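Going down the list, the sequences are from chains A and B.
Position 143 of the first sequence, counting from 1, maps to 158 under my numbering, and the rest follow consecutively.
Position 40 of the second sequence, counting from 1, maps to 55 under my numbering, and the rest follow consecutively.
FYI, nobody ran anything at the bench for these hints, they're computed from the structure.
A quick note: this is a predicted structure, and the numbers were derived from the prediction, not measured.
Be aware that one or more of the hints could be misleading.
One copy or two, it doesn't matter: identical chains are merged, so the pair holds either way.
Cross-link-like lysine to aspartate or glutamate pairs, in silico, DMTMM-like; alpha carbons within 25 Å at most [said to hold, decoys possible]: (1) K59 with E93; (2) K133 with E77; (3) K152 with E46; (4) K74 with D155; (5) K96 with E123; (6) K152 with E121; (7) K117 with E99; (8) K74 with E99; (9) K65 with E46; (10) K133 with D55; (11) K102 with D33; (12) K117 with E103; (13) K160 with E99; (14) K133 with E123.
Each chain, letter by letter, is given below.
2 protein chains.
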Amino acid sequence: MKRLPMNKQPCPIARSLDIFGEWWSLIILRECFSGVTRFDDFQKTLGISKNTLTARLNKMVERGILKRVPIAPGALREHYKLTEMGKELHTVFIALRQWGDKWTFEGETPPNAVVERKSGRVVAPVVVRSLSGRVLKPRDTMLVKL
Amino acid sequence: MKRLPMNKQPCPIARSLDIFGEWWSLIILRECFSGVTRFDDFQKTLGISKNTLTARLNKMVERGILKRVPIAPGALREHYKLTEMGKELHTVFIALRQWGDKWTFEGETPPNAVVERKSGRVVAPVVVRSLSGRVLKPRDTMLVKL
Numbered sequence: 016m017k018r019l020p021m022n023k024q025p026c027p028i029a030r031s032l033d034i035f036g037e038w039w040s041l042i043i044l045r046e047c048f049s050g051v052t053r054f055d056d057f058q059k060t061l062g063i064s065k066n067t068l069t070a071r072l073n074k075m076v077e078r079g080i081l082k083r084v085p086i087a088p089g090a091l092r093e094h095y096k097l098t099e100m101g102k103e104l105h106t107v108f109i110a111l112r113q114w115g116d117k118w119t120f121e122g123e124t125p126p127n128a129v130v131e132r133k134s135g136r137v138v139a140p141v142v143v144r145s146l147s148g149r150v151l152k153p154r155d156t157m158l159v160k161l
Numbered sequence: 016m017k018r019l020p021m022n023k024q025p026c027p028i029a030r031s032l033d034i035f036g037e038w039w040s041l042i043i044l045r046e047c048f049s050g051v052t053r054f055d056d057f058q059k060t061l062g063i064s065k066n067t068l069t070a071r072l073n074k075m076v077e078r079g080i081l082k083r084v085p086i087a088p089g090a091l092r093e094h095y096k097l098t099e100m101g102k103e104l105h106t107v108f109i110a111l112r113q114w115g116d117k118w119t120f121e122g123e124t125p126p127n128a129v130v131e132r133k134s135g136r137v138v139a140p141v142v143v144r145s146l147s148g149r150v151l152k153p154r155d156t157m158l159v160k161l
């Protein structure tokens with residue numbers, strides 16, 4: 016993964032991508048949000064090599080978005096769960112999925128929909144809002160130095 | 016960029032990443048949302064090689080998230096603007112930026128804030144909501160086949 020020159024201002028987007036921005040990491044996280052937790056299940060579902068899977072999981076554990084926990088109380092075998100830090104990527108993934116559903120299927124029906132578990136109804140499109148709840152378009156927002 | 020095996024179900028996240036998932040593409044898009052449009056400005060701001068910048072811009076134009084437009088009516092020189100498809104990545108970028116601000120600065124103050132242009136007030140945290148407006152956590156949502 017390439018990095019911005021060290022003299023550039025630190026950027027939350029560059030820092031985030033440095034944690035989980037590799038293609039396979041993003042795809043593994045997608046599976047985590049679908050409830051996959053076990054090494055073997057990631058491997059079977061994704062057809063990823065064991066070496067690559069191990070490297071990506073280790074990095075995400077090290078950087079704090081996944082944690083290893085025993086598969087049952089007292090068990091020796093462990094599986095992978097999202098930490099609070101990892102769970103908060105939910106919004107990014109839902110927004111990315113909605114964008115992909117809208118723009119990358121060109122007339123085909125997307126294979127899946129994200130629904131509210133309780134009601135089975137599709138979730139609302141994720142949007143940027145002001146503190147008072149107004150929907151904000153790109154031209155309505157700007158970046159300011161702190 | 017690695018791909019999922021062809022026999023795997025098409026996925027909006029994999030398809031999206033295939034369009035703009037390379038590290039430099041994401042960083043270029045970040046600059047687009049900050050109003051950068053000219054080749055030379057991307058180059059100067061990012062310290063990226065001309066070859067890489069050209070390749071990334073060409074791909075994003077080809078895949079429909081950027082467009083080349085004359086820098087002034089009738090001018091021969093062109094610059095790069097987000098298409099409607101590109102602009103709709105705004106939500107993904109704001110969500111990613113907010114996550115990075117919260118989780119990757121460990122006590123330091125993040126360098127920038129996203130504010131509403133009109134009021135100068137910081138924007139609300141991007142969240143996933145039900146159609147009726149309820150905030151949904153990862154455990155409140157699920158993926159269903161269409």
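Here's how the hints hold up against the structure:
no. : hint           : result
1   : K59 with E93   : within (17 Å within a copy, 47 Å between copies)
2   : K133 with E77  : neither (34 Å within a copy, 41 Å between copies)
3   : K152 with E46  : between (30 Å within a copy, 16 Å between copies)
4   : K74 with D155  : neither (37 Å within a copy, 27 Å between copies)
5   : K96 with E123  : neither (33 Å within a copy, 27 Å between copies)
6   : K152 with E121 : within (24 Å within a copy, 30 Å between copies)
7   : K117 with E99  : between (29 Å within a copy, 12 Å between copies)
8   : K74 with E99   : within (16 Å within a copy, 35 Å between copies)
9   : K65 with E46   : within (16 Å within a copy, 36 Å between copies)
10  : K133 with D55  : neither (30 Å within a copy, 51 Å between copies)
11  : K102 with D33  : both (17 Å within a copy, 24 Å between copies)
12  : K117 with E103 : both (23 Å within a copy, 10 Å between copies)
13  : K160 with E99  : neither (28 Å within a copy, 27 Å between copies)
14  : K133 with E123 : neither (27 Å within a copy, 39 Å between copies)
Consistency with the previously given hints fails for numbers 2, 4, 5, 10, 13, 14, ordered from lowest to highest.
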